[in-house]
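Asks: Here the protein sequences come in this chain order: A and B. Just so you know, our numbering puts 125 at position 123 of the first sequence, and the rest follows in order with no gaps. Just so you know, our numbering puts 1 at position 14 of the second sequence, and the rest follows in order with no gaps.
Fair warning: there could be bad hints in the mix.
Stated by the list, open to error - Here are some chain B residues pointing at chain A (derived, C-beta under 7 Å):
#, residue
1, Phe(-10)
2, Trp(-7)
3, Phe12
4, Trp14
5, Val17
6, Leu33
7, Val132
8, Ala135
Rather than coming from a laboratory, the hints here were simulated on the basis of the structure. In this text, a Cβ means the ideal position worked out from N, Cα and C, and glycines have one as well.
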Amino acid sequence: MDNPLQTLPLFQLGPVPIMPAVVVTWAIMLVIVGLAILLTHRLSVVPGPVQAAAELLVTAVDAQIRDVTGAEPAPYRAFVGTLFLFILVANWSSLIPGITPPTATLETPAALAALVFVSIIWFGVKGAGVGGFLRGFALPNPAMIPLNILESFTRIFSMFVRLFGNVMSGAFVIAIVGSLAALLVPIPLMVLDLLTGAVQAYIFAILAMVFISSAVKKGAPENKET
Amino acid sequence: MSFDYWTLGFQAVNVLVLIWLLHRFFWKPVSGMIAQRQTNAASLLLEAEATRAKAEAALAKVAATRDGLASEREAMLAAAQAEAKATRATLLEETRAEVDTLNDAAKAARLRAAKTLKETAVEDAQGLAVTIASQLAARLTGEAVEAAFLGWLEQGIADLSADERDALGKGSSLDLVCATDPDEAAQERIKSVVAKALGAEPELRFRTDPSLIAGFEVHSPHFSLRNSWSADLARLSQALADSRKDLPPPDETQTDAA
C-alpha cells in the first residue's frame, strides 16, 4: 500500500516537479470551467433545469454570505463560492478510482488556507483601510494584539489541518479497507467520504467568510472608538 | 511526509485562476441573470401595479359614469313622474269638466223630461177634468138649465156693443145652435129672448150640435156668441192651458231623487 502522505511527482518541468495533485487540479479546473462555460453559454430569462440548479447554487452561496456577513454578497461571491466548489469537487474526486484528491495532500489545503489568509488581508484593507484593518488587531484592547496576530495564523492553520486531516483520513481509511476487502466493502465508507467532503467544503468556505467578515467588521468605523 | 513548495505555489495559482475563470464564466453571468430576472419581475410588478391602478381608475370612471347615469335616470324619472302627474291632473280636470258638462246636460234633460212629464200629466189631468166636467154637465139638462143658458144668452147679447147688436139685428139670418133639438115652445122662447136682447127680430135658423152639451150659441158669418157648456169647457181648458205656462218648474231635488 502506498503511503498517502508520500507523493511522487508525475513528471518534471525542468527543476519543477509536477505532482499528481496539480494535474488533478488542472483536470478539475477544466471540468468546472468547461461546465460553467457550457452552462452560461445558453442562459435565458426562463431557466431550464440545469440553469435553475446553477441559479440555486448561486442563490444558496449568496444567502450564506448574507447570513454570515450581513453585507451584499457580490464582492465575496466568486472567492467563497469558488473555494466551496473546488474543495467539493476535489474531495469527491476520490470516488474516481486511482485518483487521490488534491485536498488529501498537504500542499493544496495549505495553498487554499494561504489564499484565505491573503483574502482576509485584502478584504479587510479594502473594507476598512490599512489603519482600520490594523486597528482590528487591537480589539478588544491593545494587549490582545499578539494574541490576535497569533490567532490570525493559527485559525488559518487549523483550517488547513482540518481540511487536510479529514480528507486524507478518509482517503487513507478507504485505501486500507480497499486493500483488505476491495469489493463492495469500501462503498459505505465512500458514501461517508462524500458526506465528509461536502461538509468540509462547506466548513472551509464558511470559515473563510467568517474570517473575512470579522476582519472587515473589526476595521469598520463604528469599532474605532472601542 | 514531504511538503513541496512548487506544488503549493501551483495550487495557489491554480485556485486563483479558477476563481477568476469562474467569476468570469459562472458567478457573474448567473448572478447577472438572476438580477435581470429580478429586475424584469420588478418591472412586471410595476407594470402590473400601473395596469391595476389604470384599471381601478377606469373602474372608478365607470362607477362615476354609472352614478351619473343613475342620477340622470332618477332625474328623468322624476321629470316623467312630474309630467305624468301634470298630465293626470289635466286629464282629471278635463274629465271633471266633461263630467260636469254631462251632468249638467243630463240634469237639463231630466228637468226637461220632468217638465214634459209634468205638463203631460197636468194636460192629461185637465183633459180628464174637462171630460169629467163635460160628462157631469151632460147630465145637467132640463128647463132650469135651459133657462139659465137663455139668461146667459140674453146677458151675452146685452154685453155686446151697440154696433155689434145692430149688426146682428140687421143681418140676414143667424144660426142658433142648440145641444138638443128644441121643440116649438123652446124655439119661441129662444126667439123672444134674442129679439128682446137685440131689439130686433132677425131670422133664426136652428141647428143642433150635441157637442155643445147644453146651451145656445149664435153664429153669423162674422160673429159668434158662444154660450154653452162646450164653450165654457173650452174656455176653461184654454184657461188651464194658459195657467200651465205659469206653472213653476219641477223641483230639482225631487227630480234628482226620482
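Asks: Taking the hints in turn, state whether each one holds.
Replies: Hints, one by one, checked against the model:
With a cut of 7 Å, the hint placing Phe(-10)(B) at the interface with chain A holds, because the nearest CB-to-CB distance is about 5 Å. A hinted interface residue such as Trp(-7)(B) counts as satisfied when its beta carbon comes closer than 7 Å to some beta carbon of chain A; here the least separation is about 5 Å, so the hint holds. The restraint placing Phe12(B) at the interface with chain A holds, with a minimum CB-CB distance near 4 Å, inside the 7 Å limit. Against a cut-off of 7 Å between C-beta atoms, the interface hint on Trp14(B) holds, since the closest Cβ of chain A lies about 5 Å away.
This hint holds: Val17(B) has a C-beta 5 Å from the nearest C-beta of chain A, less than the 7 Å allowed. With 7 Å as the threshold, the beta carbon of Leu33(B) stays out of range of chain A, its nearest partner Cβ sitting at about 17 Å, so the hint is violated. Contact between Val132(B) and chain A, as hinted, is not supported at the beta carbon level, the nearest pair being about 148 Å apart and thus beyond 7 Å. Taking 7 Å as the C-beta contact cut-off toward chain A, the hint placing Ala135(B) at the interface is violated, the least distance being around 149 Å.
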